[in-house]
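Per mature numbering (1 follows the signal peptide of the UniProt record, and there is no 0): the sequence shown = residues -25 to -1, 1 to 454.
Treat the hints as calculated values from the structure; they're not laboratory data.
Treat the hints with care, since some could be wrong.
Said to hold, decoys possible - DEER-style ranges, computed between Cβ atoms:
id: 1; residue 1: Lys446; residue 2: Phe87; range: 28 to 38 Å
id: 2; residue 1: Gly349; residue 2: Gln269; range: 15 to 25 Å
id: 3; residue 1: Lys446; residue 2: Ala410; range: 29 to 39 Å
id: 4; residue 1: Ala103; residue 2: Tyr178; range: 35 to 45 Å
id: 5; residue 1: Tyr178; residue 2: Tyr280; range: 21 to 31 Å
As the list claims (entries may be wrong) - Here are the simulated BS3-like cross-link-like pairs (lysine-lysine), alpha carbons at most 27 Å apart as the crow flies:
id: 6; residue 1: Lys382; residue 2: Lys404
id: 7; residue 1: Lys396; residue 2: Lys342
id: 8; residue 1: Lys150; residue 2: Lys161
id: 9; residue 1: Lys342; residue 2: Lys266
id: 10; residue 1: Lys412; residue 2: Lys342
id: 11; residue 1: Lys167; residue 2: Lys130
id: 12; residue 1: Lys248; residue 2: Lys266
C-beta atoms are modelled at their ideal positions from N, C-alpha and C, and glycine is treated no differently.
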Amino acid sequence: MGLLRSLFLVTLLFLPLLRVQRTESAQPPFSCDSSNPSTKSYPFSQTSLPITKTGRDLVSRFTLDEKISQLAVSAALIPQVILTPASFDTHLWYRIGQVTLQDLADTYQPPFQSCVQEGRGASGLMCAYNRVNGVPSCADYNLLSQTARGQWGFKGYITSDCDAVAIIPASGYSKSPEDAVADVLKAGPPCKFVTPVQSLQSYVENVIDRPGYSMDEVACYSADIDKAVDAAVDYVVLVMGLDQTQEREAHDRVTLELPQQQLITSVARVAKKPVVLVLLSGGPVDISSAKHGQNIGSMLWAAGYPGEDGGTAIAEIIFGDHNPGGSFPVTWYPQHFTKVPMTDMRMSPEPSSGYPGRIYRFYKGEKVYEFGYGLCYSNYYSYEFSSVTQSMLQMNQPSATQMAEYKSISELGEKLCESKKFPVTVGLKNQGEMAGKHPILLFVKQLVGFQRINLHAEERAEVEFVLNPCKHLASCQSH
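Please construct the entire structure, taking both the sequences and the accompanying hints into account.
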């Protein structure tokens, strides 16, 4: 009853706001018009009654299920949901939910427009579940094609939120799932994907494509290895990895093994020249056998599942037209790390129990590749600290008889922490023969800063990091 009384209170406070005058039109009468013979019998439309009675009468006309639905966390604003239907005015309902072109251009769209035009880094847009003026966002040609691509000059891909296309038929906008897909494709023409094979064919005239492994088969060891080995001609590029049968939202992997390891080993054993291994996966896999195996010349992790230009990027890297410069954003653990219970989320290692810890800051066990590792074609970079303005920081002022002690950051105060900031300058030189973008990662027990810089062959540059001792040099102590 306490919840219902609260509901009544809100209803009663806002009820007068929706008492509007009837217009001279063919619209159906709305219930708050006490002058209309067909509605004046309703107590909640009689202005002579106290507001407590009109409100109670209005709410009493809801079924129990309708009342309960308004108490849910996901319910919309209670006064509007309860009182707007009381008008029985379809035109009013539409006006309340309508968004004007001025509001779109003036309020709703500028943040997204700024990301596209000023940020210059937006590579993808995601259309949402909602409808704007009755049109689903993912089927809105004006929004996706005319505005985003036409007016803003967006050149990237457009994807839907999960199930945003699937729910369109239920809204009545499209008659069937097939119609919904057609409407979405018309609104935002899909990307034109280029596969690695197609891209390699732009470099090499005779490219033989032998799948050898079907991603429909999760039990990968049943792959037709003999057919794949037959494809071992002058040069071999193996495109391996995972797909959404093994990793996806709401579906965790239980192994770190690379499914096609037997296939890779077999092909590498008979290949005439070192094999190029391209990995497609959303997360790390244990590729220790390929890393230490014979005749694997190079490995390229395509950093997830590439988009429309992924095939082009892979081919350009393989043939040296692009110098990669990525670094692993996570630690690549070996298969035996899966023995650590998923529910054990401790960070620090515990040698007595054999617990190895988690993440790059604490994990002390064997690694396939460590966090921040990466290679490029200009792999001869030299580093030096060009300038460190502070060799010692005094954060407190002990007396002559008082020894220095630990203090919490909250005791030091934000003003002192800000005043103690100092710059660190790192010099680096590209001593290779190719220009390339190179990431500089600065560690002080943990990653405290990173920058990416483009250097031509034999070019030297300096990058500056500003360190806050309270943020970057502090440590947590257990009590």
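Outcome of the hint check:
no., hint, verdict
1, Lys446 x Phe87: 28 to 38 Å, "holds (31 Å)"
2, Gly349 x Gln269: 15 to 25 Å, "holds (23 Å)"
3, Lys446 x Ala410: 29 to 39 Å, "holds (34 Å)"
4, Ala103 x Tyr178: 35 to 45 Å, "holds (40 Å)"
5, Tyr178 x Tyr280: 21 to 31 Å, "holds (22 Å)"
6, Lys382 x Lys404, "violated (40 Å)"
7, Lys396 x Lys342, "violated (34 Å)"
8, Lys150 x Lys161, "holds (16 Å)"
9, Lys342 x Lys266, "holds (12 Å)"
10, Lys412 x Lys342, "holds (26 Å)"
11, Lys167 x Lys130, "holds (12 Å)"
12, Lys248 x Lys266, "holds (16 Å)"
Comparing the model with each earlier hint shows violations of hints 6 and 7; every other hint is respected.
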